[in-house]
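These protein sequences, in sequence, are chains A and B. Heads up: the first sequence begins at 1 in this note's numbering, then just goes up one per residue. Heads up: the second sequence begins at 1 in this note's numbering, then just goes up one per residue.
The set of hints was computed from the structure by calculation and includes no laboratory data. Certain hints may be false.
For identical chains, the list gives no copy identity; a pair is met inside one copy or between any two copies.
[To be verified] Think about it this way: if two alpha-carbon atoms lie no more than 30 Å apart in a straight line, the pair counts; the simulated DSS-like pairs of lysine-lysine are: (1) K34 <-> K12; (2) K37 <-> K161; (3) K161 <-> K146; (4) K161 <-> K183; (5) K16 <-> K34; (6) K16 <-> K183; (7) K161 <-> K16; (8) K26 <-> K183.
Just so you know, these numbers come straight off a predicted model, no measurement behind them.
Number of protein chains: 2
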Amino acid sequence: MENLKKNHAIPKATAKRIPLYFRYLKTLDQSGVKRIKSNEFSQMIQIPSATIRRDFSHFGELGRSGYGYDVPYLIQVFSNILNTEIEKRIALVGAGNLGKALINNNFRKNSNLNIVVAFDSDPELIGKTINDVKVEDIAKMSEMIKKESITTVIMTVPSSKAQQVIDEVVDAGVTAILNFAPKRLRVPHHVQVQYIDLTTELQTLIYYDENYNHPDLTTI
Amino acid sequence: MENLKKNHAIPKATAKRIPLYFRYLKTLDQSGVKRIKSNEFSQMIQIPSATIRRDFSHFGELGRSGYGYDVPYLIQVFSNILNTEIEKRIALVGAGNLGKALINNNFRKNSNLNIVVAFDSDPELIGKTINDVKVEDIAKMSEMIKKESITTVIMTVPSSKAQQVIDEVVDAGVTAILNFAPKRLRVPHHVQVQYIDLTTELQTLIYYDENYNHPDLTTI
Numbered sequence: 001m002e003n004l005k006k007n008h009a010i011p012k013a014t015a016k017r018i019p020l021y022f023r024y025l026k027t028l029d030q031s032g033v034k035r036i037k038s039n040e041f042s043q044m045i046q047i048p049s050a051t052i053r054r055d056f057s058h059f060g061e062l063g064r065s066g067y068g069y070d071v072p073y074l075i076q077v078f079s080n081i082l083n084t085e086i087e088k089r090i091a092l093v094g095a096g097n098l099g100k101a102l103i104n105n106n107f108r109k110n111s112n113l114n115i116v117v118a119f120d121s122d123p124e125l126i127g128k129t130i131n132d133v134k135v136e137d138i139a140k141m142s143e144m145i146k147k148e149s150i151t152t153v154i155m156t157v158p159s160s161k162a163q164q165v166i167d168e169v170v171d172a173g174v175t176a177i178l179n180f181a182p183k184r185l186r187v188p189h190h191v192q193v194q195y196i197d198l199t200t201e202l203q204t205l206i207y208y209d210e211n212y213n214h215p216d217l218t219t220i
Numbered sequence: 001m002e003n004l005k006k007n008h009a010i011p012k013a014t015a016k017r018i019p020l021y022f023r024y025l026k027t028l029d030q031s032g033v034k035r036i037k038s039n040e041f042s043q044m045i046q047i048p049s050a051t052i053r054r055d056f057s058h059f060g061e062l063g064r065s066g067y068g069y070d071v072p073y074l075i076q077v078f079s080n081i082l083n084t085e086i087e088k089r090i091a092l093v094g095a096g097n098l099g100k101a102l103i104n105n106n107f108r109k110n111s112n113l114n115i116v117v118a119f120d121s122d123p124e125l126i127g128k129t130i131n132d133v134k135v136e137d138i139a140k141m142s143e144m145i146k147k148e149s150i151t152t153v154i155m156t157v158p159s160s161k162a163q164q165v166i167d168e169v170v171d172a173g174v175t176a177i178l179n180f181a182p183k184r185l186r187v188p189h190h191v192q193v194q195y196i197d198l199t200t201e202l203q204t205l206i207y208y209d210e211n212y213n214h215p216d217l218t219t220i
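Generate coordinates for the entire structure from the input sequences, incorporating the hints supplied.
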């Protein structure tokens with residue numbers, strides 16, 4: 001299965017769906033379902049079955065027509081692709097309400113994803129421990145990230161601080177950043193930034209609700 | 001411009017980018033920039049200029065080759081599309097850490113988006129006021145949503161409670177739901193659900209970081 005690791009040809013849209021497929025396949029497996037047809041899987045995860053079949057085709061012959069997909073095998077393939085056997089040690093920057101919510105949840109359904117340390121500049125927070133994660137002084141961030149060889153960071157700092165923080169963590173060796181500040185940031189080419197922009201998501205949702213469900217309401 | 005409201009032909013991917021375009025155009029306008037070329041805009045928002053031109057083409061002739069786009073005009077068009085002049089009254093269900101973070105932020109850069117009420121079942125929270133938003137007993141949710149004619153809800157409740165809450169708000173007239181529980185929910189056809197799945201975003205980010213930046217590291 002080693003060849004599956006080199007997935008340079010997988011479209012970004014497919015890569016985005018793999019974690020979702022993986023989660024649902026694990027749920028199926030835990031419920032004793034060992035085989036599933038693409039149209040059943042489609043209904044369950046609300047993704048068109050043509051999309052599922054096209055996505056799965058990137059990983060070779062994973063199913064047979066009329067028989068469906070072998071659930072344990074798919075789990076093995078996706079687990080391998082996502083490297084879920086290897087712990088990902090994550091640093092969180094910004095331990096406000098959103099940061100606290102992320103630490104308290106700490107991706108507990110995915111045991112390999114671990115927020116191991118948090119950083120903040122608030123003296124009230126520094127030294128505190130939240131769900132076994134210690135909040136450290138942001139002044140020590142660069143040094144600790146280097147020492148711990150952390151390459152993934154979640155940022156929940158205000159937009160005004162985001163560029164400064166990102167420059168510092170990138171200098172310390174971070175290459176993957178999940179950022180909750182919507183402002184686009186400058187990073188070197190080898191660094192991946194994923195933006196979670198809640199306002200945009202909400203505006204898109206409302207736009208869809210108004211224009212596709214009740215078109216008449218929007219013309220009042 | 002009335003005809004722009006009926007955007008049944010706009011692809012979902014384009015609709016998703018409109019709020020982002022809108023935010024950056026407002027920033028440009030506030031900085032005194034009244035005209036921008038697609039390649040400059042592209043660099044600023046990190047979206048390919050071909051995508052921007054294709055997206056904008058859905059809204060008619062918004063720019064001229066070599067001249068660039070008229071910023072105030074685009075703002076007017078997108079504001080109209082997004083209905084930003086009309087207040088959206090939003091209810092939040094689940095006032096834990098994540099809910100509190102959302103109430104405290106309350107989309108303050110978009111004055112038309114307003115969380116006006118929150119619901120929770122925790123007696124410690126009921127009756128409290130966070131950033132001028134009162135936390136009400138979840139037992140009153142259905143009645144209050146109907147009374148206030150609220151159609152948009154943000155849900156930050158545990159996965160195990162999500163279906164029950166969604167059934168109740170949909171019965172009360174809600175048609176747009178931003179949901180932070182990753183589990184797919186059953187809703188009637190006229191209801192839009194947008195899932196914010198932080199674990200999936202993080203897994204996708206790490207997958208990209210490992211496979212596209214440092215492919216050699218993943219084969220150790």
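Going down the list of hints, with the structure as the test:
1. In this homomeric assembly, K34 and K12 come within 30 Å of each other (Cα to Cα) only inside a single copy, at 28 Å, whereas the closest approach across copies is 34 Å.
2. When the C-alpha separation of K37 and K161 is checked against a cutoff of 30 Å, the pair qualifies only between copies, where the shortest distance is 28 Å, while the shortest distance within a copy is 48 Å.
3. Taking the closest pair of Cα atoms, K161 and K146 come within 30 Å of each other only inside a single copy of the chain (21 Å); across copies the shortest separation is 41 Å, beyond that limit.
4. In this assembly of identical chains, the alpha carbons of K161 and K183 lie at most 30 Å apart only when taken from the same copy (11 Å versus 33 Å across copies).
5. Only within a single protomer do K16 and K34 lie at most 30 Å apart by alpha-carbon distance; the minimum there is 24 Å, versus 36 Å between protomers.
6. Taking the shortest alpha-carbon separations for K16 and K183, both the intra-copy value of 22 Å and the inter-copy value of 16 Å come in at or below 30 Å.
7. Taking identical chains as interchangeable, the C-alpha atoms of K161 and K16 lie at most 30 Å apart whether they share a chain (28 Å) or sit on different chains (26 Å).
8. In this assembly of identical chains, the alpha carbons of K26 and K183 lie at most 30 Å apart only when taken from different copies (13 Å versus 35 Å within one copy).
Of the numbered hints given earlier, the model fails none.
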